[in-house]
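J.: One-letter residues, chain by chain:
Number of protein chains: 2
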Amino acid sequence: MATGMLNSNDERILGALAASDRPLSAYDILEQVRSGGLKAPVQVYRSLAKLQRQGLVHRIEALNAFIRCCQADHGGHRPGFVVCRDCGRVREFEDQRMAAIAESAAGSDFDIERISVEVLGHCGRCRGAAASL
Amino acid sequence: MATGMLNSNDERILGALAASDRPLSAYDILEQVRSGGLKAPVQVYRSLAKLQRQGLVHRIEALNAFIRCCQADHGGHRPGFVVCRDCGRVREFEDQRMAAIAESAAGSDFDIERISVEVLGHCGRCRGAAASL
DNA sequence: GGTGTAATGTTATATGGTTACATGCGGCGT
DNA sequence: ACGCCGCATGTAACCATATAACATTACACC
Chain A
26 MATGMLNSND
36 ERILGALAAS
46 DRPLSAYDIL
56 EQVRSGGLKA
66 PVQVYRSLAK
76 LQRQGLVHRI
86 EALNAFIRCC
96 QADHGGHRPG
106 FVVCRDCGRV
116 REFEDQRMAA
126 IAESAAGSDF
136 DIERISVEVL
146 GHCGRCRGAA
156 ASL
Chain B
26 MATGMLNSND
36 ERILGALAAS
46 DRPLSAYDIL
56 EQVRSGGLKA
66 PVQVYRSLAK
76 LQRQGLVHRI
86 EALNAFIRCC
96 QADHGGHRPG
106 FVVCRDCGRV
116 REFEDQRMAA
126 IAESAAGSDF
136 DIERISVEVL
146 GHCGRCRGAA
156 ASL
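From first to last, the protein sequence lines are chains A and B.
Offset between the first sequence (1-based) and my numbering: plus 25.
Offset between the second sequence (1-based) and my numbering: plus 25.
It should be emphasised that the hints constitute simulated quantities derived from the structure, not laboratory data.
Please note: incorrect hints may appear among the correct ones.
Same chains, same label: a pair holds when it works inside one copy or across any pair of copies.
Said to hold, decoys possible - Derived SDA-like pairs: lysine to any residue, alpha-carbon spacing no greater than 25 Å straight-line:
no., residue 1, residue 2
1, Lys64, Met30
2, Lys75, Leu88
3, Lys75, Arg150
4, Lys75, Asp111
5, Lys75, Gly146
6, Lys64, Ala43
7, Lys75, Ser129
8, Lys75, Cys112
9, Lys64, Glu119
10, Lys75, Asp134
11, Lys75, Gly113
12, Lys64, Cys112
13, Lys64, Arg110
14, Lys64, Pro104
15, Lys75, Arg110
16, Lys75, Pro104
17, Lys75, Arg152
18, Lys75, His147
19, Lys64, Gln96
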């Protein structure tokens, strides 16, 4: 992807996301990378924007948080997410049908930039935990 | 829906949303209803939560904003939204296929609470405006 | 070296959302 | 009627998320 190489800030942020088993907010990330020299939210947001453009990172709208993309093909895929509202864990999935649905809903006169599909609910693990209280 | 009747705060907030042709943030709403006696964000959020439970209002995650539901059947529908990032206008749509996609993605061990589908991009009107600059 | 441009850094501020606690008010047992 | 409880609403303070505005550096080109 031609958007440009990653600098050390980008690498650090990507590293922090990769190391986490759940989405991180921009401020979570900031905390993790302070030792690496980043000090301000805007730096994190700038890197995140770049990483998103390259498809390496996705934003989870319902959480205002970000995850490292787990797919092989970072270009042009249209992922959806299954999000547990209790533990915050996210599963990325792919479904070809979503593109068709979005296109028919948007109509020919609308220029689609991105599709956000988020399935919110409670995962088995957390439901088990809640039941055993 | 048994969640309870709407009080005057709820009515005012619903009115503000109905009067707008695009989504309003909680603070937009707050401004509109200050004259009606509401003063604090939390009051708005409480009403919005109730209205969402009743299906009268939807939250657009990508905008952190809310719209009045335009469907007849406020119970149990699973709407998607087409959102213009330039003018902020939103079109609500319904697609039966989404439920199936969400269920197959979530798996049997996941309890689905809500599905958020948002198609982000640029509407014809705004694209026209941009072209003529 | 000088100069224009893009990337990055810094500070401050706007916007969105929640916590904690106070107050009011209707049921209900006595 | 009275006091007590439980729940809806009000108020203030606060935390969290995101961007604006401006300063600085890095680097290509002359």
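J.: None of the hints should be skipped; say for each whether it holds.
T.: Hint check:
no. : hint            : in the structure
1   : Lys64 to Met30  : within (22 Å within a copy, 49 Å between copies)
2   : Lys75 to Leu88  : both (20 Å within a copy, 20 Å between copies)
3   : Lys75 to Arg150 : neither (34 Å within a copy, 28 Å between copies)
4   : Lys75 to Asp111 : between (29 Å within a copy, 20 Å between copies)
5   : Lys75 to Gly146 : between (30 Å within a copy, 18 Å between copies)
6   : Lys64 to Ala43  : within (20 Å within a copy, 42 Å between copies)
7   : Lys75 to Ser129 : neither (29 Å within a copy, 32 Å between copies)
8   : Lys75 to Cys112 : between (27 Å within a copy, 24 Å between copies)
9   : Lys64 to Glu119 : neither (35 Å within a copy, 44 Å between copies)
10  : Lys75 to Asp134 : neither (28 Å within a copy, 35 Å between copies)
11  : Lys75 to Gly113 : both (24 Å within a copy, 23 Å between copies)
12  : Lys64 to Cys112 : neither (28 Å within a copy, 33 Å between copies)
13  : Lys64 to Arg110 : neither (29 Å within a copy, 29 Å between copies)
14  : Lys64 to Pro104 : neither (31 Å within a copy, 40 Å between copies)
15  : Lys75 to Arg110 : between (27 Å within a copy, 18 Å between copies)
16  : Lys75 to Pro104 : within (18 Å within a copy, 31 Å between copies)
17  : Lys75 to Arg152 : between (36 Å within a copy, 24 Å between copies)
18  : Lys75 to His147 : between (31 Å within a copy, 20 Å between copies)
19  : Lys64 to Gln96  : neither (30 Å within a copy, 46 Å between copies)
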